[in-house]
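Number of protein chains: 2
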Amino acid sequence: MITGLSHVSIVVPNLEAAARELEAKYRLKIGAIKVNEEQGVRMAYVQLSNARIELMEPSGDESPVAKFLQRNPHGGIHHFSLEVDDMVSTKGEIERQGTRLLGDGNQKNVDGEKIAFVHPRDFLGALVELEEHGH
Amino acid sequence: MITGLSHVSIVVPNLEAAARELEAKYRLKIGAIKVNEEQGVRMAYVQLSNARIELMEPSGDESPVAKFLQRNPHGGIHHFSLEVDDMVSTKGEIERQGTRLLGDGNQKNVDGEKIAFVHPRDFLGALVELEEHGH
Chain A
611 MITGLSHVSI VVPNLEAAAR ELEAKYRLKI GAIKVNEEQG VRMAYVQLSN ARIELMEPSG
671 DESPVAKFLQ RNPHGGIHHF SLEVDDMVST KGEIERQGTR LLGDGNQKNV DGEKIAFVHP
731 RDFLGALVEL EEHGH
Chain B
611 MITGLSHVSI VVPNLEAAAR ELEAKYRLKI GAIKVNEEQG VRMAYVQLSN ARIELMEPSG
671 DESPVAKFLQ RNPHGGIHHF SLEVDDMVST KGEIERQGTR LLGDGNQKNV DGEKIAFVHP
731 RDFLGALVEL EEHGH
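Line by line, the protein sequences are chains A and B. Just so you know, the first sequence maps onto residues 611 to 745 in the working numbering. Just so you know, the second sequence maps onto residues 611 to 745 in the working numbering.
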């Protein structure tokens, strides 16, 4: 089941420039930059008190998020991520309601947590990631 | 200063239908439906453990969010909202860094909290609301 809001994710054309802008304008600092080969992105998080802002930069033209950046060259909100307590049971439960998950359910994020994406047509037009926490 | 992530906001064509879908598919329940005359929306929140999902339905063709729905007829992520501890000092501080705020800084949400919107070009292409909490 869904328990919380994990993060909001923004696609940016340049991760270092984005980090400088957030620090200069809002005193927000990013953490370590990591590479997610599967999603084709370089990324980092801004840790807030209760949740995070994720920044993603496409690592090449083949990256799935490169197309998003072509449509939104200055960047923009790409998805948000909800915490689930158990991916296997949540996946089974929501698929029984007809919800389509993208991928095979065995994806992991850079921190090794299980993730899955819900089809936007099954979440009010929003691209929503599910992320397993607490295991 | 920015302290936390308050909510993610989704524009939907029909608030009641959205509420039914979230409950049927994800067991997420909305709270009371309220009207924000200033923003021209009927809206409700889904309270999660650490933050909220906001749902907004334009209350008429003149609503500022009606255009968003014309571009995204099935709905979609409209903005996200960051908590600030004090609107007056935060507004002053970020405007000194050249950040453009939309509106006069005296807007309030349906709960009477002070809010302001940051120009998307000053937040990585994302429309970001600031919301004063804790006062």
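Just so you know, these hints were derived from the structure itself, not from any lab. Be a bit skeptical, because a hint or two may be false.
Chain copies aren't distinguished; within one or between two, either way the pair holds.
Below, a list of computed lysine to any residue pairs in the SDA-like style, where the Cα atoms sit at most 25 Å apart [as the list claims (entries may be wrong)]:
hint: 1; residue 1: LYS639; residue 2: PRO730
hint: 2; residue 1: LYS724; residue 2: SER673
hint: 3; residue 1: LYS639; residue 2: VAL698
hint: 4; residue 1: LYS635; residue 2: LYS677
hint: 5; residue 1: LYS635; residue 2: SER699
hint: 6; residue 1: LYS724; residue 2: SER659
hint: 7; residue 1: LYS718; residue 2: PRO730
hint: 8; residue 1: LYS639; residue 2: GLY614
hint: 9; residue 1: LYS701; residue 2: ARG662
hint: 10; residue 1: LYS701; residue 2: ASN719
hint: 11; residue 1: LYS635; residue 2: GLY735
hint: 12; residue 1: LYS701; residue 2: ALA629
hint: 13; residue 1: LYS635; residue 2: HIS729
hint: 14; residue 1: LYS635; residue 2: GLU705
hint: 15; residue 1: LYS639; residue 2: ARG731
hint: 16; residue 1: LYS639; residue 2: ASP732
hint: 17; residue 1: LYS644; residue 2: GLY614
hint: 18; residue 1: LYS724; residue 2: ASN660
hint: 19; residue 1: LYS724; residue 2: GLU647
hint: 20; residue 1: LYS701; residue 2: ALA642
hint: 21; residue 1: LYS639; residue 2: ARG652
hint: 22; residue 1: LYS677; residue 2: ASP696
hint: 23; residue 1: LYS677; residue 2: ASP732
hint: 24; residue 1: LYS639; residue 2: ARG662
Since the structure is predicted, the reported quantities are computational estimates derived from the model, not experimental observations.
- Task: Evaluate LYS644 and GLY614 at a C-alpha cut-off of 25 Å and name the case that applies: within, between, both or neither.
- Result: Both ways: LYS644 and GLY614 sit 24 Å apart in one copy and 23 Å across, limit 25 Å.
- Message: As a check of your reading, is LYS701 near ALA629 (CA-CA no more than 25 Å) within one copy, between copies, both or neither?
- Response: between (34 Å within a copy, 20 Å between copies)
Measure nothing new, just compare the shortest in-copy and cross-copy C-alpha distances for LYS639 and ARG731 to 25 Å and report within, between, both or neither.
between (34 Å within a copy, 19 Å between copies)
>> When Cα atoms must be at most 25 Å apart, do LYS635 and HIS729 count as within-copy, between-copy, both, or neither?
In response: between (34 Å within a copy, 12 Å between copies)
- prompt: When no copy is named, should LYS639 and VAL698 be tagged within, between, both, or neither for a Cα gap of at most 25 Å?
  reply: between (34 Å within a copy, 22 Å between copies)
Can you give me the call for LYS724 and SER673, within, between, both or neither, at a CA distance of at most 25 Å?
Cα proximity of LYS724 and SER673: one copy only (20 Å, versus 39 Å across).
With 25 Å as the alpha-carbon cut-off, assign the pair LYS718 and PRO730 to within, between, both or neither. within (20 Å within a copy, 30 Å between copies)
(request) Since the copies are identical, ignore which copy is meant and state whether LYS635 and LYS677 lie within 25 Å (CA to CA) inside a copy, between copies, both or neither. (result) The answer is neither: 28 Å in one copy and 29 Å across copies each exceed 25 Å.
Note to self: Regarding LYS724 and SER659, is the shortest C-alpha distance of 25 Å or less found within a copy, between copies, in both, or in neither?
What the structure shows: Answer is both: 23 Å inside a copy and 20 Å across each meet the 25 Å cutoff.
| message | Within a copy, between copies, both or neither: which one fits LYS635 and GLY735 at a CA-CA cutoff of 25 Å? | response | Answer is between; shortest inter-copy Cα gap is 14 Å, intra-copy 31 Å.
Practice problem: Since the copies are identical, ignore which copy is meant and state whether LYS701 and ARG662 lie within 25 Å (CA to CA) inside a copy, between copies, both or neither. | Solution: Both: 23 Å inside a chain and 22 Å across chains, each within 25 Å.
Practice problem: Since the copies are identical, ignore which copy is meant and state whether LYS635 and SER699 lie within 25 Å (CA to CA) inside a copy, between copies, both or neither. | Solution: between (42 Å within a copy, 14 Å between copies)
The structure fails hints 4, 20 and 22 (numbered hints given earlier, in ascending order).
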